[in-house]
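Visitor: Residue numbers (the numbering used here), protein chains in the order written: chain A, 1 to 369; chain B, 1 to 129.
No lab work stands behind these hints: they were computed from the structure.
Treat the hints with care, since some could be wrong.
Now the in silico label distances, taken between C-beta atoms and shown as ranges [what the hints assert, rightly or not]:
1. B:53 x A:251: 31 to 39 angstroms
2. A:354 x B:103: 49 to 57 angstroms
3. B:3 x A:15: 16 to 24 angstroms
4. A:157 x B:112: 58 to 66 angstroms
5. A:9 x B:87: 26 to 34 angstroms
From the three backbone atoms N, C-alpha and C, an ideal C-beta is built for every residue, glycine too.
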Amino acid sequence: MALKTPLYDSHVELGGRIVDFAGYLMPVSFEGIVAEHERVRGKVGLFDVSHMGEIELTGSDAMKFADYAVSNNVGRLKDGQICYTVCCNEKGHVLDDLLVYRFSGERILFVVNAVNTAKIHEHLLKIREGDAEIANISEETGQIAVQGPASRDLLLRSPMFAPVKDRLKDLPYYSFLAFEHEGEEIILSRTGYTGELGYEIYLPVAMTLRVWRDLLEEGRSLGAAPIGLGARDTLRFEPCYCLYGHEIDEETSPLEAGLAWVVKLKKGDFMGRDALLAEKEAGPARRLTGLELTERGIPRQGCTVFHNDEAVGCVTSGTFSPTLGRSLAMALVKSSVPAAAEGITIGIRGKSVPAATAAMPFYKGSVND
Amino acid sequence: MVPEECRFTKEHEWVYAEDDVAVIGISDYATGELGDIVYVELPEVDTEVQQMDPIGTIEAVKTVAELFSPVSGTIIEINEEIIEDPETVNKSPFEDGWFIKVKMDDPGELEVLFSYEEYQEFLGEQAGE
Numbered sequence: 001m002a003l004k005t006p007l008y009d010s011h012v013e014l015g016g017r018i019v020d021f022a023g024y025l026m027p028v029s030f031e032g033i034v035a036e037h038e039r040v041r042g043k044v045g046l047f048d049v050s051h052m053g054e055i056e057l058t059g060s061d062a063m064k065f066a067d068y069a070v071s072n073n074v075g076r077l078k079d080g081q082i083c084y085t086v087c088c089n090e091k092g093h094v095l096d097d098l099l100v101y102r103f104s105g106e107r108i109l110f111v112v113n114a115v116n117t118a119k120i121h122e123h124l125l126k127i128r129e130g131d132a133e134i135a136n137i138s139e140e141t142g143q144i145a146v147q148g149p150a151s152r153d154l155l156l157r158s159p160m161f162a163p164v165k166d167r168l169k170d171l172p173y174y175s176f177l178a179f180e181h182e183g184e185e186i187i188l189s190r191t192g193y194t195g196e197l198g199y200e201i202y203l204p205v206a207m208t209l210r211v212w213r214d215l216l217e218e219g220r221s222l223g224a225a226p227i228g229l230g231a232r233d234t235l236r237f238e239p240c241y242c243l244y245g246h247e248i249d250e251e252t253s254p255l256e257a258g259l260a261w262v263v264k265l266k267k268g269d270f271m272g273r274d275a276l277l278a279e280k281e282a283g284p285a286r287r288l289t290g291l292e293l294t295e296r297g298i299p300r301q302g303c304t305v306f307h308n309d310e311a312v313g314c315v316t317s318g319t320f321s322p323t324l325g326r327s328l329a330m331a332l333v334k335s336s337v338p339a340a341a342e343g344i345t346i347g348i349r350g351k352s353v354p355a356a357t358a359a360m361p362f363y364k365g366s367v368n369d
Numbered sequence: 001m002v003p004e005e006c007r008f009t010k011e012h013e014w015v016y017a018e019d020d021v022a023v024i025g026i027s028d029y030a031t032g033e034l035g036d037i038v039y040v041e042l043p044e045v046d047t048e049v050q051q052m053d054p055i056g057t058i059e060a061v062k063t064v065a066e067l068f069s070p071v072s073g074t075i076i077e078i079n080e081e082i083i084e085d086p087e088t089v090n091k092s093p094f095e096d097g098w099f100i101k102v103k104m105d106d107p108g109e110l111e112v113l114f115s116y117e118e119y120q121e122f123l124g125e126q127a128g129e
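Between the sequences and the hints, there should be enough to build the whole structure, so can you do that?
Guide: Pasting the structure below:
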């Protein structure tokens, strides 16, 4: 039985094409993937991300335990700051990528992928140390992402955010603020998955539909419209953000997937550290590589990558980039393949299509504006 | 091409026949399912095809579909416009977005395909599943 987010009825009303994603009935598109993609790059779009998982850690050891559970240096966060990280198993492979929010040393929030919420919750319970309560609050929590160059303007004109207007105006990337609205806590986070200036709003499920409708209405003259999962994927692909199940999974280490920057081996012990340290010393077996087809075709996940006719890896994500008009891919390939290798081809349905290496990220947006 | 006058396959191709020439495209249902089409690969003119041979590829942003020939015969023309501008297929699936023209070996093959009404019923059944 597929779950519905609090915005399901609105998606159907607005003509969203509904698919089952990670056990949720979610809209894959509304007006069309390319039109939605362009709307977020140029104006502003609203995403229902209520399916994402929220796990709260509380207690006097919450921060210490969070730091042990993930690879990035959570201990360095100040109150109101966020970091992107991965949560690894003992083999140093990726159980999930996530955001870590520090409210205080005694209250930490993990935001995880819908498909992994139950797994991460169980994993945390299993490895728990010290005084840390672990609560899966996903079912009570709605989430709306407001993304695009006009996202700040939209929120600034929304009465709901009027009490925090000044703080919102200056909210730095990867920071958040929490405030009370109608007696409930709202979290506004300067984060996103599109490469553009953007925000994510966490709010109680009961309030989510009303806020969604208000934001669509308040943002209409700025071009705000709902965006489906299809464009969410192309938007994250162009700036080369990893997606669990594609670039990262339980067979992949963060060092292979270009995420060495979230692996802080010197911070002290954490889950997976020994394996990651050994892997770093030996050198990772594979490397995430950007590729561009030099002839027509679209590379897709699972397509084999060849170097001088030898199979050297697999496409993890690939599409025709709407912004750049190029057929691009990310692929995990053997580290022995030179960084700017020539003689690369991608097998696409039995045909061998020539490709060149392409610098990642493919696109840089307004994320820091 | 008037959809009501076309025959249809289960794979959502349409065929419009004039004498022994079949114009072939994909239905508006198919374009809706595929989403934005970004790349179309078509066979060469003079290729001989059998009914329901895969003859081309339709790449959309999120997915890829094969094009099947609803009839046997020889390809006499391909639509260059949709190679240059694949979105033409989304915009005009029954007119400017046609794919190929085939000189049919046996126009009787059309009989095994859906009529417009049968195709609508087929779509209804699929939606009900």
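Visitor: Within 58 to 66 angstroms: is that where the Cβ-Cβ distance between residue 157 of chain A and residue 112 of chain B falls?
Guide: Since the Cβ atoms of residue 157 of chain A and residue 112 of chain B sit about 60 angstroms apart, the hinted range of 58 to 66 angstroms holds.
Visitor: Looking only at beta-carbon atoms, does the pair residue 3 of chain B, residue 15 of chain A fall within the given range of 16 to 24 angstroms?
Guide: Taking Cβ atoms as reference, residue 3 of chain B and residue 15 of chain A lie about 21 angstroms apart, which means the hint holds.
Visitor: That 31 to 39 angstroms hint for residue 53 of chain B and residue 251 of chain A (C-beta), does it hold up?
Guide: Taking Cβ atoms as reference, residue 53 of chain B and residue 251 of chain A lie about 38 angstroms apart, which means the hint holds.
Visitor: Regarding residue 9 of chain A and residue 87 of chain B, is the given constraint of 26 to 34 angstroms on their beta-carbon distance met?
Guide: holds, 31 angstroms
Visitor: Can the suggested window of 49 to 57 angstroms be confirmed for the beta-carbon pair residue 354 of chain A and residue 103 of chain B?
Guide: violated, 34 angstroms
Checked against the numbered hints above, the structure violates only hint 2.
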